[in-house]
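Residue numbers (the working numbering), protein chains in the order written: chain A, 92 to 301; chain B, -7 to 211.
I should point out that these hints are in silico values taken from the structure, not numbers from a laboratory. Bear in mind the structure is a predicted one, so any value in this text is a computation, not a measurement. Think of the CB as a built atom: it goes at the ideal place given N, C-alpha and C, for glycine as much as any other residue. There may be inaccurate statements among the hints.
Examples of chain B residues toward chain A, derived with CB under 10 Å [to be verified]: (1) Thr57; (2) Met155; (3) Asp159; (4) Ser187; (5) Pro189; (6) Gln195; (7) Leu196.
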Amino acid sequence: MRSDQIPDLKIIKEGQVIIRARNLRAAANFIPAKSFRARRHYYSNEENGLLYVPKGQAQNPQAQMFSDPNMAMDMMKKNLSMIIPQTLTFAWVNFFFSGFVAAKIPFPLTQRFRAMLQNGIDLSTVDVSYVSSRSWYFLNLFGLRGLFSLILGEDNATDDTQRMMQMGGFGFDPTRSLGAEKDNLDIVQHDWALPKFEQRAEAVLKKLVS
Amino acid sequence: MVSKTEEEQVNRLENQVENGGGGAWEYLCLVRKLKLRRSDKVLKYGVAILKDPKKRSALGPEEWTLYEQVAIAAMDCQRLDLAKDCIKDLRAKFPQSRRVDRLEAMWLEAKGSWADAEKAYSSLLEENQFDQAIHKRRVAMAKARGNLSEAIEWLNKYLEIFMADHDAWRELAEIYVSLQMYKQAAFCYEELILSQPTSPLYQLAYADVSSYWRLFLFF
């Protein structure tokens, strides 16, 4: 049901730029100072630096997500395929299993949890550790996910809850990480390691020989 | 770059297969996974497996991957007739497949009809801009024709999109060195050093190229 996502040129490019900028930061001391400065300028200069993201554009991904028809359809499909079975199961559980105590939580809880965990139970004197079947359902849902992925293999219907948690990080990633990379790059102090190599080699060899 | 253990494993399997022991299919899978270029061996053992109907049916759906691998090896060894047969079989099985289109374009390239191959690659790229293999084949074709400046142009365009592909940077560096454009080659080697600072190969190459360039400046 989910459409095959054709990777977007911009997203690929941004991903690759991030990798390249990260490499630059990691190994900055291996290239001479001038090359490092040239590259840093290439990435973070104000007009057309690769990592430069003007403030106005930072909020765009969210608007883009809803205006881009493909992505909106995609998200809707994802949502629907996830929400409908869950809603149905939840309603069923509620209907059949309301009004009685299903489990006891091993640790004591405060009274604030009463509304959440004891929804069908109308006696207010029952200890909050005794929970209704609704909370038992949620416990099972989240807890047995690991077991299901072992038995049914990866990528099955119960993994939807994982996707629910991942939904947040969709379009925001590129812009924010570009900005983060740029800041990190600005911080880096360059120190060309070459002139000092001989001393370092000498020190290492001395330690080995002695 | 294959690791030492993997290389030993491949060599061991190769010896085993050559001396008559079984294991040809494992060898072919390993070569395919590690992307090694041992076309003559692949061709020999692949054809042996394909010609034997029992072994072929034992492979199941993997046999088409084997067809592809054998086709490429055949093109590498200039056995174009064999390659054509494999491609025909693949086409019969997968009539709309882009992978088969790619193989046919490669066959045109191996035959030497550069213009046709060029057209085929361009049309494939129009359909799917992100197929790295086709980009690289286009560069390789330009290089094989001797048109290095065109190769550089294509490779630069490729690198604008896929910046993190260090094989491509390496190829570009070698082309620049062969054209004696040492400054640009130095830039490429710097990129390589940044992505893999622990590899001595790139440091040495960078040093060589920088020294060539300094000499150049003096004369």
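Quick rundown of the hints versus the structure:
1. Thr57: violated, 21 Å
2. Met155: Since chain A brings a Cβ to about 4 Å from Met155(B), closer than 10 Å, the hint holds.
3. Asp159: Where the cut-off is 10 Å and the nearest Cβ of chain A is about 14 Å from Asp159(B), the hint is violated.
4. Ser187: holds, 5 Å
5. Pro189: For Pro189(B), the interface hint holds, since the closest Cβ of chain A sits about 4 Å away, which is under 10 Å.
6. Gln195: Nearest chain A Cβ about 8 Å off; hint holds.
7. Leu196: Check failed: Cβ of Leu196(B) comes no nearer than 13 Å to chain A, outside 10 Å.
Of the hints listed earlier, those the structure fails to meet are numbers 1, 3, 7, in rising order.
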